[in-house]
Every structure is written in C-alpha cells, then in structure tokens.
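> Taken in order, these protein sequences are the chains called A and B.
The opening residue of the first sequence carries number 1 in the numbering used here; numbering runs sequentially from there.
The opening residue of the second sequence carries number 1 in the numbering used here; numbering runs sequentially from there.
These are calculated hints, taken from the structure and not from any lab test.
Keep in mind it's a predicted model, so treat the numbers as computed, not measured.
Heads up, some of the hints might be wrong.
[What the hints assert, rightly or not] Far from chain A, by Cβ distances over 12 Å, these chain B residues were calculated: (1) Phe-15; (2) Met-53; (3) Thr-179; (4) Phe-247; (5) Asn-408; (6) Pro-463.
[As the list claims (entries may be wrong)] Taking lysine-lysine and the DSSO-like style, the derived pairs with C-alpha atoms no more than 30 Å apart in a straight line are: (7) A:Lys-87 - B:Lys-385; (8) B:Lys-237 - A:Lys-125; (9) A:Lys-87 - B:Lys-162; (10) B:Lys-385 - A:Lys-130; (11) B:Lys-251 - A:Lys-125; (12) B:Lys-490 - A:Lys-3; (13) B:Lys-235 - B:Lys-251; (14) B:Lys-100 - B:Lys-287; (15) B:Lys-385 - B:Lys-222; (16) B:Lys-385 - A:Lys-3; (17) B:Lys-251 - B:Lys-222; (18) B:Lys-251 - B:Lys-287; (19) B:Lys-139 - B:Lys-385; (20) B:Lys-251 - A:Lys-3; (21) A:Lys-84 - A:Lys-125; (22) B:Lys-162 - B:Lys-430; (23) A:Lys-130 - A:Lys-87; (24) B:Lys-251 - A:Lys-130; (25) A:Lys-87 - A:Lys-125; (26) B:Lys-222 - A:Lys-84; (27) B:Lys-222 - A:Lys-3; (28) B:Lys-385 - A:Lys-84; (29) A:Lys-84 - B:Lys-430; (30) B:Lys-222 - A:Lys-87; (31) A:Lys-84 - B:Lys-162; (32) A:Lys-3 - B:Lys-430; (33) A:Lys-87 - B:Lys-235; (34) B:Lys-100 - B:Lys-385; (35) B:Lys-237 - B:Lys-100; (36) B:Lys-162 - B:Lys-237.
We treat Cβ as the ideally placed atom computed from N, Cα and C, and that holds for glycine.
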Amino acid sequence: MKKSLEDIVSAVTIFFITSAYLVGTLFIKRSKVDNFSGETFPRILGSIMLVLSLALLISASRAHFRKKGTVDKEKTALSTWFEKNAKIFQTFFLIIVYIFSWDYIGFLLATILYLFIQFLIFNSKPIDLKRIASFGAIAVACSTVVYVVFVNIFSVPLSSGIF
Amino acid sequence: MYESFLSGLQLATSFNAILYILLGVVLGIIFGATPGISTTMGIALTLPMTYAMSLENGLALLLGVFVGGVSGGLITAILINVPGTPASIATTFDGHPMAKNGEAGKALGVGLLFSFYGGIFSWVVLIFLSPVLARFALKLGPTEYFAIALFSLTLIASLSGKSLLKGLISGGLGLMLATVGVSPIDGFTRFSFGSRNLRSGFDLVTVLIGIYAVAEVFNIAKNPREEKLTVISYKMKGFGIGIKEFFQQQKNALVSAFIGTGIGILPGLGAGIANLVSYSTVKSISKTPDKFGTGIIDGVVASETANNATTGGALVPLLTLGIPGDGGTALMMAAFFIHGITPGPLLFKNHGPTIYAIFVMLLIANVAMIIIEYFGMRFFINVLKVPKYILFPIIIVLCTVGAFGSNNRVFDVYAVLFFGVVGFLLSNYKYPLPPVILGFILGDLIETNLRRGLMSTYDSFWPFLTRPISGLFLFLTLSFMGYIVFKAVKNKRKIFD
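Input sequences plus hints: build the corresponding full structure.
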C-alpha cells in the first residue's frame with residue numbers, strides 16, 4: 001500500500017477511535033465539587049487527538065492526490081493480501097486458542113501444542129520427519145522448563161489443567 | 001546517610017544480588033547480540049522473573065540485562081554487520097570494516113573497553129547528579145510536575161519518529177490508554193464498559209510486554225525467512241590497543257560519554273539515538289573525517305562509549321523525578337510498581353538503602369559486563385545460531401506467562417495480545433512506539449498534577465505559566481515544537497510525512 005494511503009487509513013481509524021473515546025466521556029460520572037472533573041482530562045485529550053488525526057488525514061490526502069498521477073496504480077487483490085499476511089493471522093488465532101486452552105488442558109500441554117504448531121507456521125524450510133521430531137522435542141523441553149521454573153522457582157500459579 | 005549507604009552496600013553485594021547481576025548480564029548480552037531482540041524487549045522478558053524476588057534482587061537482574069543488552073549489540077555489529085540492537089547501529093560503520101580488514105579482535109576489544117568507559121562515566125554522573133536533582137525535585141509542586149511531565153512527553157513524541165504528527169498521536173494514544181480505569185482524585189470509573197478487570201486499568205507490565213515483545217513476534221510472522229549469517233572469524237589478544245592509543249582516544253571518548261549521558265538523561269531517547277549522534281559529532285570534530293567508515297577505532301569508540309553512557313543517564317530522571325529515561329528504565333519502573341514503590345524524589349528520602357544498592361549494583365553490572373563479554377564471546381556467537389522460528393514462539397510463551405504472573409489473571413494475557421496487535425499495527429503504519437509507552441506512564445502523573453495544580457490555583461491556568469519552573473518548561477515545550485516545525489519548513493520537508 002502506498003505510504004500516503006496508509007496514512008489516510010490510519011488517520012481515519014484514529015479519528016473513529018477518538019470519536020468513540022469522546023462519546024465514552026459522556027458516560028463518566030461528574031464531580032459536583034470540582035470544575036475539573038474525571039471526564040474533563042479525557043475530553044481535552046480526545047479533542048486534541050481529533051484535531052491531530054484530522055491534520056494527518058488532510059496532509060496525507062493532499063500528498064496522495066498530488067502524487068496520484070505519478071504513482072504506480074498496481075492494486076493488490078484481497079486474496080493476495082490475505083495470502084501475504086497469512087502467517088500473521090495464523091499466529092494471532094493460534095495465540096488466542098493457546099490462551100483459551102490454558103483453563104481446559106492446562107498450561108503445559110497447551111504450550112507444547114502451541115510451540116509445535118507455531119514452529120511449523122514459522123518454518124520456511126522443507127518439512128521432513130527429522131525436523132518434525134526436533135520441533136516436538138524442543139516444544140516438550142521448552143514447555144517443561146518454563147513450567148517448572150515459573151511454578152516452582154517464581155511461584156506463578158500456572159494452570160495444571162488435566163494433570 | 002552513612003547507615004543507608006552501608007545497608008545499600010550490603011544489599012547489593014549479597015550472594016543473591018551478585019548472582020542475579022551476573023545472570024542478568026549474560027541474558028542481556030544474549031538479548032543484545034541477537035538481532036530482532038532489543039534490550040527493552042529483553043528486560044520485558046526478564047521482568048516476570050522478578051515477581052517473586054525482593055525489589056533489590058529484581059533490580060539487580062534488570063540492571064544486569066540493561067547494561068549487558070546495550071553492550072551485547074556490538075558483537076553482531078562488528079562480526080556480522082547487523083546491529084544486535086539499535087544502540088549499536090553506528091558500531092557497524094567502522095567496526096565491521098575493521099573486522100573485514102583483519103582487525104575483528106581489536107574492534108571487539110576496543111568496543112568492549114569503551115563500553116565499560118561509557119558505563120562508568122555515566123555511573124559517576126548518576127551518583128553525583130541524582131541526589132542533587134532529587135533534593136531539587138522535592139521542592140516541586142503539582143504545577144511544576146505537570147509542566148515537566150508534559151515537556152518529557154512532547155520531547156519524546158517529537159524526536160522518536162520521522163513525523164512530528166505521528167509522534168504526537170502516539171503519545172496521545174498512550175495518554176488515552178492511561179485514562180482507562182479509576183480517575184485520579186475523585187475516583188470515578190472511566191471506560192471500563194462494566195468490566196471488573198478494566199476498572200483497575202491496564203497493567204503497566206502487560207502494556208510493555210505487549211508493545212515491545214509480542215508486537216515484534218507479529219513482525220517476524222510477517223517475514224519469517226531466516227537470513228544466513230556470515231560470522232567473521234576473530235582472535236582476541238587483550239583489548240587490542242596499547243596505553244598510548246587508549247589515551248589518544250580520550251577526547252573522542254569524553255565527548256561521546258557526555259553525549260551519551262546527556263541523551264540518556266533526556267526522557268525517551270536512549271542508546272539508539274546516542275550512538276548515532278555521538279558518531280556524527282566525533283566525525284565532525286575529527287581531523288580526518290574522511291577516514292570514518294573505512295575501519296578506524298575512533299568510530300567504534302564514539303558509538304560504544306555513547307550507547308553505554310546512556311545507562312546511568314537514563315536512571316537519573318527515573319530515580320529523581322519518576323520519569324523513565326528510555327524503554328529499559330520504563331520496565332525498571334514497572335519493577336518498582338510491582339513492589340508497591342513509586343520512583344521519584346521521595347525514594348531518596350524513604351528508601352535510601354535501595355538507592356545506594358542501585359548505585360553499587362550498576363557498578364558491579366558494568367564490571368561484570370566487560371569480564372563476561374570478554375571471556376564468553378565465543379559462547380554468545382554460538383547463541384546467535386538459534387533460528388528465529390524457534391526463538392520467537394518461545395518468547396510468546398514467556399510473554400504470556402509474564403503477563404499472567406503480574407496479577408495471576410488470564411485477562412492480562414489477552415491484554416498482552418491486544419497490545420501486541422496495537423504495537424504491530426502502529427509500527428507497521430510508521431507510528432513510533434516509545435511515545436505510547438511514555439504517554440501511558442506519564443498519563444496519570446500529568447492528569448493528577450494538572451488537577452491538583454488547578455485545585456491549588458482555584459481553577460486558573462495562569463499560575464502554571466507565571467511560576468518560574470513550570471513556566472520555563474511550558475515555554476520549552478512550545479519552543480521545542482515550534483523549532484521542529486520551523487526546521488522542517490525551512491528544510492522544505494513535509495512536516496507531516
């Protein structure tokens with residue numbers, strides 16, 4: 001994506017987030033004593049952010065339309081974009097499943113499975129049986145070390161799950 | 001004072017503290033030498049280990065990582081031409097050409113020696129300057145604190161990225177995140193959406209781990225391809241330079257140490273900027289600037305002295321004002337919070353032994369750094385061979401455990417993932433991340449002092465401008481922003497690009 005177009009997208013996103021934030025300030029209780037109450041600072045902050053995001057939007061739009069005639073008009077199909085960023089989405093959803101599974105199968109088992117699958121996702125070399133075995137061994141060893149160290153030495157009560 | 005010093009000395013030289021410093025330095029050098037893992041990320045990963053430790057032992061570990069991490073980057077910078085951390089970017093300019101010219105051992109030795117030099121210089125500044133600043137800071141009221149905090153945030157927002165506007169937006173996002181939870185003074189709940197977890201706001205540890213560590217893993221996921229590293233072979237004999245050559249570098253080293261310490265003291269800049277500023281300054285005052293970049297020790301001295309000189313400097317604002325000097329000290333601030341202590345001028349009054357312990361531990365960490373890095377060089381180079389596709393998933397596991405351990409609740413683990421996504425998106429859209437962190441840390445300080453100040457001035461903002469210190473810092477804030485805009489316009493650059 002072109003840089004100015006990226007700036008437009010980010011400016012619009014921040015504008016909407018800030019707008020929602022400002023709406024949220026309407027639901028904050030007001031102090032009857034202070035003129036500067038709990039909602040005042042967020043309102044000032046939200047207003048400044050709104051101005052800043054608009055300034056970015058305007059400058060990015062100007063840059064975008066000024067260069068429009070000269071830029072490469074190559075467009076990326078949505079499917080290509082998803083394909084390009086597939087590993088990010090896979091990693092994101094894998095982490096969510098990993099955290100979610102803590103309570104059900106326990107930290108140790110969840111971590112072994114997570115590490116093994118994540119190694120496979122990040123791996124860019126050809127997969128053979130030896131590689132799979134080494135991924136499995138590293139996943140089991142690392143998970144066990146982390147579990148033992150954090151539970152026994154640093155007293156972090158990690159979920160034991162089915163064990 | 002004498003009793004406090006003795007207690008501090010005892011804490012810092014206990015068996016456990018020294019062990020943690022050594023462990024921290026080893027971990028720090030590994031993190032620093034591994035491209036893709038910054039010192040700050042290293043401290044973020046180490047922070048969870050400190051939950052069950054005493055404050056002093058926890059700080060011993062983190063200080064070790066901090067000092068080791070800043071120095072560790074020189075190994076890859078010299079031998080592979082890839083800076084392990086941004087703190088060693090300028091080391092590649094002359095360090096790697098030296099290595100290619102058959103002087104790899106000398107480049108490593110000089111880098112190590114002057115890393116130690118910079119670290120000790122800033123340590124001296126820290127122990128002499130911070131008590132004076134803390135005494136001064138005790139006299140500051142809410143109006144002054146508000147102005148100083150605002151100045152710090154503006155400084156980092158303006159300097160940490162290429163775009164002033166994006167830097168300010170990043171700082172603003174950090175401030176917005178800080179408003180989630182209970183408001184200061186009147187205690188009303190804000191932006192909690194009925195969630196009990198959100199009522200207490202976001203935990204600093206989760207924000208730091210998410211933005212500095214998890215976001216980086218998503219960046220790796222974007223491009224997980226391994227680059228083949230070609231390590232130049234080396235032979236080390238002593239530090240590679242004689243006494244005469246060492247003294248010939250004094251002018252360069254002193255200039256670099258001053259620059260590094262000064263930049264370290266300024267909030268939010270840190271070693272990543274210091275090494276580059278120092279390198280260009282030393283080059284500009286050199287009689288042979290054309291030799292820079294060809295493989296001379298002057299360049300290595302400039303970069304490595306300055307980056308390690310930021311370590312002591314960055315601790316000055318943290319200990320005296322409660323404002324972190326860079327990402328690493330922001331995480332140390334979190335370590336203080338974990339133990340229920342707020343860094344700032346009162347630390348000198350109420351926790352004297354801890355302050356003296358920090359001073360002694362920083363010295364030990366610097367000594368440990370030069371010894372461990374010298375003798376363990378081959379081990380650290382071998383660690384670099386661990387592939388990223390193995391390393392980064394393990395980092396995710398450590399991040400989730402670290403987040404969970406901060407409050408023993410799964411909410412924080414999801415929060416870490418959320419901040420990881422936020423950090424990834426922001427960095428991909430070229431928004432600097434340090435202002436987000438500093439905004440989050442300073443948000444409460446700014447709002448609380450603004451409200452306290454307004455209460456004491458009967459809702460008038462005028463005294464903020466007329467009181468000498470607050471007026472000066474607000475003037476500096478506006479002048480600085482004005483200067484940046486002016487400079488950008490003058491250079492015919494686009495201000496907002």
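> If any of the earlier hints don't hold here, list their numbers in rising order.
2, 3, 5, 8, 11, 16, 17, 19, 20, 24, 33, 36
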